[in-house]
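Student: Chain residues, written in single-letter form:
2 protein chains.
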Amino acid sequence: MSSVQWLHQLRLPRSNIFEVGPRDGLQNESTILSVDARVELITRLIESGLRDIEVGSFVRADRIPALAGSGEVIKKVLAKNLPRAKDCRFWAFIPNQKGFDDALDAGVSGVALFVAASDTFCQKNVNRPLAQQKADVFALLEAAHRQQVPSRVYLSTLVYCPYEGVIAPEKVIDLASELIDHGATKVVLSDTTGHADPVNLARVLELCDAKRWSPDHFALHLHDTRGLALVNAEEGLRWGISEFDASVAGLGGCPYAPGASGNLATEDLANLLDKLGLLEGVSLKALARAGHFVEKSLGKRGPSKVLRTFAEES
Amino acid sequence: MSSVQWLHQLRLPRSNIFEVGPRDGLQNESTILSVDARVELITRLIESGLRDIEVGSFVRADRIPALAGSGEVIKKVLAKNLPRAKDCRFWAFIPNQKGFDDALDAGVSGVALFVAASDTFCQKNVNRPLAQQKADVFALLEAAHRQQVPSRVYLSTLVYCPYEGVIAPEKVIDLASELIDHGATKVVLSDTTGHADPVNLARVLELCDAKRWSPDHFALHLHDTRGLALVNAEEGLRWGISEFDASVAGLGGCPYAPGASGNLATEDLANLLDKLGLLEGVSLKALARAGHFVEKSLGKRGPSKVLRTFAEES
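So the protein lines, in turn, are chains A and B. Numbering (our numbering) for the first sequence: 1 to 314. Numbering (our numbering) for the second sequence: 1 to 314.
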């Protein structure tokens, strides 16, 4: 029985880790992993017990060379017929209708889309104004809804934009409202620059609560730029959020967000959730096998702390 | 007005950072800083607004060469007559009565002592059985009490010992009780190996609470080995603890605790406390000047994340 007072008040049966490493983690790496290396990484992630994995991106290969061949990656993963894969959902980032069609053809189970609370950030990131990006995302959400494909929308620059500064929570709420109205399965509140803290994050979640939205509409995507990713995840738990994005070995970042460091590391998040009694079916040891593999493949260490406490298998 | 629900329930006017960098942070570094470099580091820490600084150690110079000349360090700091130094307390680690006398002669305002919940860890760390170490510490606490010198006792291996494994919370409570009975100003609950998490930490704090001990008797000394130091600090705040040890740039570790990584970084802790509205009189920018100085002096970067978000002054 836990002695953590706030933990008693949670009504979460368990929490969910949404693994973004094979997409968000790898997309800005200068070392490009082969299709087979990515298949092996995803295989190890599946074997660790994770159930939601973002496997790639259906953008033009010249825009993100590190993720070229994502269709082949997912096809090869599915062809392995891994026993645990039956319980997994495989997600891909899509920029437009063509990407949507290609992703579904390749066998992807869910689609990830991008918007931002900041117009300037949207412009810098996808080279088009927010109004236009929103219109396209709404159309894709409706297509996904019609075809019963689950959808996640990254709502970037949650509390801060590197170009516009502090983001008003009301702006986030208005955008979240539109996304929910257009059928988004999850709105992924994304702290792109690592400026979230328990206070500014709670301001957003309090407004969501006031709208009487179920916390199940939301996930948190946290960066550890200021060491607060796990503190913010706990704040999310207290407001009923149960899904958190994380990246194997803590890989990732954002080239359009100066100073942003890695994503919250999957191993670090899994360890905290495990200690809180909220992790189910995920093996930390098996996760470390995935982390060690991707670090070896990239020839570098990510910022995960818990991964360092596991000895590499020879 | 903060929207963090648990923050409303805190009755803390402010929190206190206890800076351990010039002692605990430097003691295991292979690069030895000169007396003047240590004086400059402490000067910058004073200028940042910190009020409690552990400046050195009065152990034999051949045991910890990095801290040789601690008496000279404190004398030189005091001779500078810095305006802010009047509001500071300067602490030193002492192993015995001779160290106690030397420290007070040099002008130290408070003394730091060591015990451990684990007998084996005590033996490995100070080369004597716990019973003998406790007897000496009790005698020193009584001497400090008689002379109205504030005292802090590091109660190490709070939840886990690298040699004995999991530590029963009752063991910690019994030892804390003896320390309080012998007049310790603060019992510093010390997570030597970074195994603390919100659940096992709360088990200890719940027992303290059940004893009706004031949380003011306690401070938390956290290591970030598994990325949980700030999460644990928040858990401490919820139980009324207001003082937290931290080390500039996140320097430090423990040679007797295999796998233990750096102390909680002062910059990271200060940033969180600032966001929670619990930091008073400490300048993050001035702290970064101290962090950059010590990193430059040691020729290496510490694990602090917030320090990386400040540009170095040329």
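You may find that some hints are simply not true.
With a straight-line cut-off of 30 Å between C-alpha atoms, the simulated BS3-like cross-links for lysine-lysine are [claimed, not checked]: (1) A:Lys296 <-> B:Lys300; (2) A:Lys300 <-> B:Lys134; (3) A:Lys300 <-> B:Lys75; (4) B:Lys296 <-> B:Lys285.
Label pairs and their computed distance ranges (CB to CB) [claimed, not checked]: (5) A:Asp209 <-> B:Ala61: 57 to 63 Å; (6) A:Lys300 <-> B:Thr120: 49 to 55 Å; (7) B:Asp209 <-> A:Ala135: 38 to 44 Å; (8) A:Lys300 <-> B:Ala286: 45 to 51 Å.
No lab work stands behind these hints, which were simulated from the structure alone. The model shown is predicted, which means the values in this text are computed figures rather than measured ones. Glycine included, C-beta positions come from ideal geometry on N, C-alpha and C.
Student: Starting from the hint list further up, note which numbers the structure goes against and sort them upward.
Tutor: The structure breaks hints 2, 3, 6, 7 and 8; every other hint is satisfied.
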